[in-house]
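Q: Take a look at the letters that make up each chain.
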Amino acid sequence: MASTDVIGAAQAQKKQGKGMSSKKKSRGPWLERYSALILAVVLLGAWQVLVPWSGLSEFVLPTPLAIAKRIVNELPLLASHAYVTLFEVVAGFAMGVLVGIPLALAIFYSRAFERAIYPILVALQTVPKVALAPLLVLYLGYGWAPKITLAFLISFFPIVISTVVGLQSLDKNLVNLVRSMGASEWQTFFKVRLPAALPNIFGGFKVAVSLAVIGAVIGEYVAAERGLGYLQLQANSLFDTTLNFATVVTISGLGVMLYFIIDTIEARVTYKRDAAK
Amino acid sequence: MSATTQMGAAVDISRLSKIYKTREDDDVLALDKIDLKIEPGSFVAVVGPSGCGKSTLLSLLAGLTPASTGSIAIDGDGVSKPHPKTGVVFQSDLLLYWRSVLDNILLPIEIKRLDVAKYRPRAEELLAQVGLEGFGNKFPSELSGGMRQRVAICRALIQEPGLLLMDEPFGALDALTREQMIMDLQSMWLRLRNTVLFITHGIDEAVFLADRVLVMSPRPGRVDLDLKIDLPRPRQWSKTHEDKDYHGYVRQIRAIFEAKGILVAH
Ligand SMILES: Nc1ncnc2c1ncn2[C@@H]1O[C@H](COP(=O)(O)OP(=O)(O)O)[C@@H](O)[C@H]1O
Ligand SMILES: [Mg+2]
Chain A
0 MASTDVIGAA
10 QAQKKQGKGM
20 SSKKKSRGPW
30 LERYSALILA
40 VVLLGAWQVL
50 VPWSGLSEFV
60 LPTPLAIAKR
70 IVNELPLLAS
80 HAYVTLFEVV
90 AGFAMGVLVG
100 IPLALAIFYS
110 RAFERAIYPI
120 LVALQTVPKV
130 ALAPLLVLYL
140 GYGWAPKITL
150 AFLISFFPIV
160 ISTVVGLQSL
170 DKNLVNLVRS
180 MGASEWQTFF
190 KVRLPAALPN
200 IFGGFKVAVS
210 LAVIGAVIGE
220 YVAAERGLGY
230 LQLQANSLFD
240 TTLNFATVVT
250 ISGLGVMLYF
260 IIDTIEARVT
270 YKRDAAK
Chain B
0 MSATTQMGAA
10 VDISRLSKIY
20 KTREDDDVLA
30 LDKIDLKIEP
40 GSFVAVVGPS
50 GCGKSTLLSL
60 LAGLTPASTG
70 SIAIDGDGVS
80 KPHPKTGVVF
90 QSDLLLYWRS
100 VLDNILLPIE
110 IKRLDVAKYR
120 PRAEELLAQV
130 GLEGFGNKFP
140 SELSGGMRQR
150 VAICRALIQE
160 PGLLLMDEPF
170 GALDALTREQ
180 MIMDLQSMWL
190 RLRNTVLFIT
200 HGIDEAVFLA
210 DRVLVMSPRP
220 GRVDLDLKID
230 LPRPRQWSKT
240 HEDKDYHGYV
250 RQIRAIFEAK
260 GILVAH
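Top to bottom, those sequences are chains A and B. Using numbering that gives the first Met the number 0, you'd call the opening residue of the first sequence number 0 and step up by one each time. Using numbering that gives the first Met the number 0, you'd call the opening residue of the second sequence number 0 and step up by one each time.
Keep in mind that the hints were calculated from the coordinates and are not lab data. Just so you know, not all the hints are guaranteed correct.
List of simulated lysine-lysine pairs, DSSO-like, C-alpha gap at most 30 Å [to be verified]: (1) Lys190(A) - Lys137(B); (2) Lys259(B) - Lys171(A); (3) Lys190(A) - Lys68(A); (4) Lys190(A) - Lys171(A); (5) Lys80(B) - Lys36(B); (6) Lys271(A) - Lys117(B); (7) Lys137(B) - Lys84(B); (8) Lys117(B) - Lys137(B); (9) Lys190(A) - Lys205(A); (10) Lys84(B) - Lys117(B); (11) Lys68(A) - Lys171(A); (12) Lys238(B) - Lys171(A); (13) Lys84(B) - Lys111(B); (14) Lys111(B) - Lys80(B); (15) Lys205(A) - Lys171(A); (16) Lys227(B) - Lys238(B); (17) Lys171(A) - Lys243(B); (18) Lys80(B) - Lys137(B); (19) Lys84(B) - Lys190(A); (20) Lys171(A) - Lys111(B); (21) Lys36(B) - Lys117(B); (22) Lys36(B) - Lys227(B); (23) Lys137(B) - Lys171(A); (24) Lys243(B) - Lys36(B); (25) Lys36(B) - Lys84(B); (26) Lys271(A) - Lys137(B); (27) Lys243(B) - Lys190(A); (28) Lys271(A) - Lys20(B); (29) Lys20(B) - Lys36(B); (30) Lys238(B) - Lys32(B); (31) Lys80(B) - Lys171(A); (32) Lys20(B) - Lys32(B); (33) Lys227(B) - Lys190(A); (34) Lys36(B) - Lys190(A); (35) Lys84(B) - Lys227(B); (36) Lys117(B) - Lys20(B); (37) Lys259(B) - Lys227(B); (38) Lys32(B) - Lys243(B); (39) Lys243(B) - Lys259(B); (40) Lys271(A) - Lys171(A).
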């Protein structure tokens with residue numbers, strides 16, 4: 000009884016929602032779709048206008064247009080450093096996946112392993128990874144190795160946790176269902192456990208990849224000869240605030256790009272529960 | 000239509016008990032030495048109040064839970080793991096939301112490593128029989144509760160189960176949908192004539208559908224009454240519900256529950 004009532008209510012709500020949006024058809028959906036863009040433009044516009052008006056020099060705060068112009072002019076330079084950082088991030092994140100997923104599976108399938116490893120994992124997680132950067136440089140030198148290691152260390156924890164949670168939150172009745180059809184544990188995993196856990200796993204990937212960018216850049220701050228973190232320090236020492244901002248924008252761009260790549264892969268391999276049509 | 004004249008499976012349960020071990024030593028005796036023979040091709044309903052062991056009985060028959068003592072045989076094979084001749088419909092539809100309706104129905108075929116392409120037309124035929132023609136490419140989130148449970152039934156039927164186990168399959172549906180589902184289940188069964196074990200807490204739907212109603216009482220789970228239902232088929236909703244014999248059966252079952260204090264007479 001309850002279930003159809005709920006469905007009915009949800010449908011009614013949906014219709015109501017539709018009705019409301021069609022009432023103010025002229026503004027509603029348009030404003031909704033572009034609200035983020037409009038807000039960004041308004042904020043950037045205010046920044047653009049307020050900087051000259053307040054008399055701040057461009058050494059302190061360059062205008063958005065100046066930063067944009069600089070990005071365009073320095074594209075080859077930015078790209079050559081971004082390339083290095085991108086490699087470190089992707090390598091560190093990939094290691095996080097390659098170590099994190101098997102670890103999560105071991106935790107999920109073995110009670111004893113879970114008991115043994117969980118306290119260690121949590122203890123490790125309380126260590127601020129960033130504080131390890133100088134040590135990693137000491138051990139691994141000035142090349143890409145300490146950056147990749149830092150990106151890996153910082154990204155693998157959310158991958159492990161989200162995968163374990165995704166696997167554990169499965170409705171036990173679904174397991175009974177496929178077992179009643181004669182499924183082996185292998186089949187149960189690939190037909191039910193994994194697909195059901197994918198939204199969680201991808202959520203972990205998205206957090207992890209953003210953290211991996213932080214890990215790589217921090218690694219570059221400590222000691223590097225290339226990479227966006229290194230470029231930013233250089234700009235700093237030259238009091239080139241505009242280039243400094245241009246680097247920040249590039250770093251964010253890197254993070255956003257990786258996020259959307261994962262989001263696109265997720266959309267291809269999963270079906271969203273509520274995405275009717 | 001398709002003349003899949005599959006014989007129903009025979010079920011032979013003897014001295015079957017199930018004790019759930021709990022941590023605090025107060026073990027639950029969910030089933031107490033049940034003896035039961037089910038004729039191939041018969042429709043058996045099990046009624047009883049919540050907690051009397053109905054789902055436990057189904058789970059043991061499905062080979063999902065091991066028995067504590069006693070034995071179950073399906074067509075003579077001892078059940079210790081899921082038997083290939085059984086299909087199960089649970090109370091909730093348990094459709095996989097990331098699969099289309101058709102792919103949900105074909106799941107058992109995939110799991111049994113049969114030729115999925117060969118079963119596709121059969122899956123579509125089953126869908127049409129439950130009034131969902133053309134819904135194969137929809138996703139579960141696009142269906143109502145009743146439609147979803149129909150798909151779950153199709154998924155159980157594609158395995159051509161000699162024994163169909165149903166655990167309160169209509170419990171979550173509204174009265175009108177439930178009525179339609181009861182009628183559809185009867186016509187499906189009249190076509191297939193497989194063995195059905197239908198678990199419910201609704202006395203009326205048990206009597207309406209079954210050849211035989213087993214009334215269970217709680218703690219320990221036992222069969223208190225084994226009632227043969229002699230009503231002509233196909234049973235029609237209004238006609239059968241007005242039948243004098245129908246009401247006699249319902250009264251007989253209610254009397255048991257009243258005697259046990261599960262229902263208060265009024
Ligand atoms: N996994 C379990 N562990 C312990 N006790 C259980 C378990 N499953 C069921 N029980 C107990 O066994 C009894 C019968 O349960 P169940 O078969 O689900 O009843 P029904 O389906 O008739 O409502 C209940 O008392 C229930 O609490
Ligand atoms: Mg139950």
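Q: So which hints don't hold here, by number, going up?
A: Hints 2, 3, 11, 12, 17, 18, 21, 27, 28, 30, 33, 34, 36, 38 are the ones this structure does not satisfy, whereas the remaining hints hold.
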